[in-house]
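Model the placement of chain B on the given structure of chain A, informed by the hints.
What follows is the residue order along each chain.
2 protein chains.
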Amino acid sequence: MKKFLNSPDAILQESLEGLVGAHADILVAGDEYKFIRRKNLTAGKVGIVSGGGSGHEPLHAGFVGFGMLDAACPGHVFTSPTPDQIVAAVASVDQGEGVALIVKNYEGDVMNFDMAAEMTDGRCVTIRTDDDVAVETSTYSTGRRGVAGTLIVEKMVGAAAEAGMKRDDLKALGEAANRRTRSMGVALTACTTPASGKPNFELGENEMEMGVGIHGEPGRRRVALASAHAIAEEMVGAILGDLAPKRGAEAILFVNGFGATPLIELYLLYREAARFVQAAGVQPIRSLVGSYVTSLDMAGASITVSLLEGEAAKLWDAPVHAAGLRWGM
Amino acid sequence: MKKFLNSPDAILQESLEGLVGAHADILVAGDEYKFIRRKNLTAGKVGIVSGGGSGHEPLHAGFVGFGMLDAACPGHVFTSPTPDQIVAAVASVDQGEGVALIVKNYEGDVMNFDMAAEMTDGRCVTIRTDDDVAVETSTYSTGRRGVAGTLIVEKMVGAAAEAGMKRDDLKALGEAANRRTRSMGVALTACTTPASGKPNFELGENEMEMGVGIHGEPGRRRVALASAHAIAEEMVGAILGDLAPKRGAEAILFVNGFGATPLIELYLLYREAARFVQAAGVQPIRSLVGSYVTSLDMAGASITVSLLEGEAAKLWDAPVHAAGLRWGM
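Chains as they are written, first to last, in my numbering: chain A, 136 to 464; chain B, 136 to 464.
Source of the hints: derived by calculation from the structure; they are not laboratory data.
Check the hints yourself; a few may be wrong.
Repeated chains share a single entry, so a pair holds when one copy, or any two copies, can fit it.
What the hints assert, rightly or not - List time: in silico SDA-like cross-link candidates among lysine to any residue, alpha-carbon distance up to 20 angstroms: (1) Lys174 - Arg421; (2) Lys174 - Leu423; (3) Lys180 - Ser142; (4) Lys137 - Asn335; (5) Lys138 - Ala359; (6) Lys306 - Ala448; (7) Lys381 - Ala311; (8) Lys138 - Ser362; (9) Lys137 - Ala365; (10) Lys301 - Phe336; (11) Lys449 - Ala159; (12) Lys449 - Arg258; (13) Lys174 - Ile161; (14) Lys174 - Ala159; (15) Lys137 - His364; (16) Lys137 - Thr327; (17) Lys138 - Asp303; (18) Lys137 - Phe336; (19) Lys138 - Leu360; (20) Lys333 - Leu360; (21) Lys138 - Glu369.
Predicted model, so just to flag it, every value in this text is computed and none were measured.
Just chain A, same shape as in the assembly (with noise of 0.2 angstroms):
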């Protein structure tokens, strides 16, 4: 295993250390790492709180800040945060509006989420994401899963919440964006955990994993390594399959890398996929290309279309300042 590390027992609370220290003017780390926190809450705002396990960066922690997640909870490299987490997360940022939980698909994440819900008298409410059209149900979920897609509904939900929006309107305006967000990933190699030292699934040296989830877990069928072309067409064609637009829709084309691929590929695999969207009379008016939603080390991208109806234009452009997203400010 080739990593920058000390021991892996320790590399999820080095790395929220560096995080904290790099990003000073806009972080603090809630006790014992529970949580990380924006530093200035904006006063009377619905609180709006993510997580899950590690190996994603910079999703969630580094999606923390004005314009996007009050806080996020990290659990350990593809485990769930504890309830317990979850909790003292919310009374963080809990200003007297509540708080939304964004919660991606996984049994782990959407049980401990819902207890920590429970646990905290009604002041959440939970959106949902299960962007993943690649598996109906997979090793970690029952039905789809929760991908790339997350970002663009935690980049909607909370510029509406900065903008004054009410947690009941939020849960509404995440849910509707995460319907009309979909997703597919490739991977072309395997990702290691920290703890196991080994890649976490045999790929062949011609292989790839089509459709694979963001911890590695199987995806449609595995395959001859093929062109960015021909990998673009089978995602982009199972993407606007499930989506279903109206020709002359407009959208947010994002490609995603999994933590190894680097932006020369990306951006020829965006490329790709512009093409058969706007083939298919989908106009891809905003775009992301980087490696935002990973797998620790895997090489492999994803694609994600998300379709541009009423404010969603507004909400995305909209400023945010976190770590791993700015603009506007």
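Chain B in isolation, oriented as in the chain A frame:
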């Protein structure tokens, strides 16, 4: 070779098409993709042009935009751009106030940018970057190599040009920023160029290349894989030994990934680096953590310390809107 591509010959052009497509609000391509240019130049400003071999994305084309570069000339992977490309870029951005060229110290780049400067009849001044303390000469350079610190020089010079500084003063400012900026890198794996399809050097399972260059050139020595703590100690020690900062100095601390190293590890390495920097009496008052000056799919990282004197912090903080670096707008 496991990469998102269609054919090794087409990777550069297709990736640039993706870049310009994804960022059509700020970027346009020159004829035959000789250069990538800002869509809207700031009227009356000195032009800022950089470039070099591809494979280091987002450097340089990803730094074209308001507050940074006016144009970047991408050579093929790890290959200098031609004088013809540079001359075309200069002609495209010169508004009568001349152009400052920012050139990493590699023999091919230096030769071709110097030739272009000669061909443009005194319109250009040249700022050379050579921030790598690892080795004094190298495979492709006479004298030290220009590496991740180049981003900092481009940001400072770009901000000063935006504020109206003239050509000769920009040269002096850029050279001063380069002198105050020092870097060192380490590779955990080699990188694979699309043309060869094979790793460009061999590293054992428990080896790392300390002081590696951004093309996989040899560094100081090949050693056993060490802890992040020990790696940061050696790199920060070499950097500060060379910079010899006064106690109480302020700095940018920049931890840069080489392409295949995920953010969870880079933030952990930042934590270690910050401790050694602070122990030497230097305050890292600004930070940058991410993969900005890369070596294709190499796993590894570099550390850069840039001392902030005079107006440097203000120039660093000034608004920038490029594909790969954005804040304040």
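Quick check: which numbered hints come out false for this structure?
Violated: hints 3, 10, 12, 17.
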